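2 protein chains.
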Amino acid sequence: MKELSYFKPKEIENRSFEIITQELGRINPNLCDNAVLKRVIHTTADFDYADNLIFSDNAIESGIKALKGKAVILSDTNMTKAGINKTALNKLRCNAECFMSDADVASRAEAEGCTRAKASMDKAVSIKSPLIITIGNAPTALIRVFELIKEGRLAPCLVVGVPVGFVNVVESKELFLNENPGVPYIIARGRKGGSTVSAAIINALMYEALKI
Amino acid sequence: MKELSYFKPKEIENRSFEIITQELGRINPNLCDNAVLKRVIHTTADFDYADNLIFSDNAIESGIKALKGKAVILSDTNMTKAGINKTALNKLRCNAECFMSDADVASRAEAEGCTRAKASMDKAVSIKSPLIITIGNAPTALIRVFELIKEGRLAPCLVVGVPVGFVNVVESKELFLNENPGVPYIIARGRKGGSTVSAAIINALMYEALKI
Chain A
0 MKELSYFKPK EIENRSFEII TQELGRINPN LCDNAVLKRV IHTTADFDYA DNLIFSDNAI
60 ESGIKALKGK AVILSDTNMT KAGINKTALN KLRCNAECFM SDADVASRAE AEGCTRAKAS
120 MDKAVSIKSP LIITIGNAPT ALIRVFELIK EGRLAPCLVV GVPVGFVNVV ESKELFLNEN
180 PGVPYIIARG RKGGSTVSAA IINALMYEAL KI
Chain B
0 MKELSYFKPK EIENRSFEII TQELGRINPN LCDNAVLKRV IHTTADFDYA DNLIFSDNAI
60 ESGIKALKGK AVILSDTNMT KAGINKTALN KLRCNAECFM SDADVASRAE AEGCTRAKAS
120 MDKAVSIKSP LIITIGNAPT ALIRVFELIK EGRLAPCLVV GVPVGFVNVV ESKELFLNEN
180 PGVPYIIARG RKGGSTVSAA IINALMYEAL KI
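First to last, the protein sequences are chains A and B. So the first sequence is numbered by numbering that gives the first Met the number 0: it starts at 0 and just counts up by one. So the second sequence is numbered by numbering that gives the first Met the number 0: it starts at 0 and just counts up by one.
I should point out that these hints are in silico values taken from the structure, not numbers from a laboratory. Every value quoted in this text rests on a predicted model; they were computed, and no experiment measured them. A hint or two may mislead.
Put simply, identical chains are the same to the list, so a pair is met inside one copy or across any two.
[Stated by the list, open to error] Using 30 Å as the maximum straight-line C-alpha spacing, the simulated DSBU-like pairs for lysine-lysine come out as follows:
no.	residue 1	residue 2
1	LYS149	LYS90
2	LYS122	LYS9
3	LYS64	LYS7
4	LYS7	LYS122
5	LYS149	LYS7
6	LYS149	LYS67
7	LYS85	LYS122
8	LYS210	LYS149
9	LYS127	LYS9
10	LYS149	LYS9
11	LYS210	LYS7
12	LYS67	LYS9
13	LYS69	LYS149
14	LYS210	LYS85
15	LYS210	LYS64
16	LYS210	LYS9
17	LYS149	LYS85
18	LYS122	LYS210
19	LYS210	LYS69
Generate coordinates for the entire structure from the input sequences, incorporating the hints supplied.
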């Protein structure tokens, strides 16, 4: 039992990525270089993402460029914000934001009879920095982002669309996959996703940005 | 698209649980009453938990009793702490804690060459309130909890053991499943789990506690 508990964090992570790369190689060797996918599998232990995680052209490049340009990373949950690596964030001089608990968002949602997640995305139009939006929970937020892009009111450098669940989740993702939004995206097709997946994708992109 | 984005949160949740109950019924009708399992599936969209989520005798009852007795809920990640429903927590007059960012935990981990997660569990022995420990990330934390229980230094009312990953994760959970720890537990057998699963289990127990 002692041997189990005295591992060091970096050793654990390295060994985990070796196992992931090995098992991913059996599914599709072409995916073994995808640092974002591997970190999502590291976070979920779910190899379904080898099939489900869809990258638009230049999604990773555009995300990294934004992160090297003092981006704001806007999420739809405080869990994702909590899961974003603060050391990497500070090194890159980026900011993580979540408007879900803001009073003006709550009152707007109440007035419009919509989710706070949706109202929190309306607030994003005021952000002037390079913007990465990452949605790990609420399909209503992802749908609203799509609408704002189509209306020309929002032009994020990257949209990470990985809400999880059973109602409108698949549909919100298919909007991006079927009706080209005109911005780079990473989408977890199907029902799966979540705040940990959302944070893992941002962390993977930050680690890549710090290597360059 | 408008119809998709104007759903109300409560309607979305109710419809989600209807779908989950229906699909779970096809896997095993006996599981349809398990509010904890259903909330985990709601959070992950992953029906593997129908097989993987293992409850010791009285786990749910013991968790609810602790939550009605002003429990401290100690997690191994700030993500789980962020994901615990604060309205329910305040109604029950419970507290959520995570020691991962504490300076004394960092220096202890440095001195012992162990993970901060493990060191954060050593700090739990000072908690006097009814204690629920929930591990969504670090197997080293779960292993340390097992050791502290066996040494008679920790007697939690419930251990939620749902770390995720590839190194020592399965082994840390099998400790609880194979060598009866003598305390109630909920364990996600296998590699899967995570901070969202950890928070979902606590939230489900809190919602049940508030019904009684």
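Results for each hint:
1. For the identical chains of this complex, LYS149 and LYS90 are neighbours neither inside a copy (33 Å) nor across copies (42 Å), given an alpha-carbon limit of 30 Å.
2. In the homo-oligomer, the alpha carbons of LYS122 and LYS9 lie at most 30 Å apart only across protomers (22 Å), although the nearest pairing inside one protomer, at 38 Å, exceeds that limit.
3. Taking CA atoms no more than 30 Å apart as the test, LYS64 paired with LYS7 passes in neither setting, with 32 Å inside one copy and 36 Å between copies.
4. Within a single copy, LYS7 and LYS122 get their C-alpha atoms only as close as 42 Å, which misses the 30 Å cut-off; across copies the closest is 19 Å, which meets it.
5. Taking the closest pair of Cα atoms, LYS149 and LYS7 come within 30 Å of each other only across two copies (23 Å); inside a single copy the shortest separation is 47 Å, beyond that limit.
6. Only within a single protomer do LYS149 and LYS67 lie at most 30 Å apart by alpha-carbon distance; the minimum there is 26 Å, versus 49 Å between protomers.
7. Taking the closest pair of Cα atoms, LYS85 and LYS122 come within 30 Å of each other both inside a single copy (23 Å) and across two copies (23 Å).
8. With identical chains, the CA atoms of LYS210 and LYS149 are never at most 30 Å apart, being 34 Å at best within one copy and 44 Å at best between copies.
9. In this assembly of identical chains, LYS127 and LYS9 lie within 30 Å of each other by CA distance neither inside one copy nor across copies; the values are 37 Å within and 33 Å between.
10. In this homomeric assembly, LYS149 and LYS9 come within 30 Å of each other (Cα to Cα) only across copies, at 28 Å, whereas the closest approach inside a single copy is 43 Å.
11. In this assembly of identical chains, LYS210 and LYS7 lie within 30 Å of each other by CA distance solely inside one copy; the values are 23 Å within and 43 Å between copies.
12. Taking the closest pair of Cα atoms, LYS67 and LYS9 come within 30 Å of each other only inside a single copy of the chain (25 Å); across copies the shortest separation is 39 Å, beyond that limit.
13. In the homo-oligomer, the alpha carbons of LYS69 and LYS149 lie at most 30 Å apart inside one protomer (25 Å), although the nearest pairing across protomers, at 49 Å, exceeds that limit.
14. Taking the shortest alpha-carbon separations for LYS210 and LYS85, only the intra-copy value of 16 Å comes in at or below 30 Å, while the best inter-copy value is 38 Å.
15. With identical chains, the CA atoms of LYS210 and LYS64 are at most 30 Å apart within one copy only, with a shortest distance of 12 Å there and 49 Å across copies.
16. For a Cα distance limit of 30 Å, the shortest separation of LYS210 from LYS9 inside one copy, 17 Å, qualifies, whereas the shortest one across copies, 44 Å, does not.
17. Taking identical chains as interchangeable, the C-alpha atoms of LYS149 and LYS85 are never at most 30 Å apart, the minima being 32 Å within one chain and 35 Å between chains.
18. In this assembly of identical chains, LYS122 and LYS210 lie within 30 Å of each other by CA distance neither inside one copy nor across copies; the values are 32 Å within and 36 Å between.
19. Taking the shortest alpha-carbon separations for LYS210 and LYS69, only the intra-copy value of 16 Å comes in at or below 30 Å, while the best inter-copy value is 47 Å.
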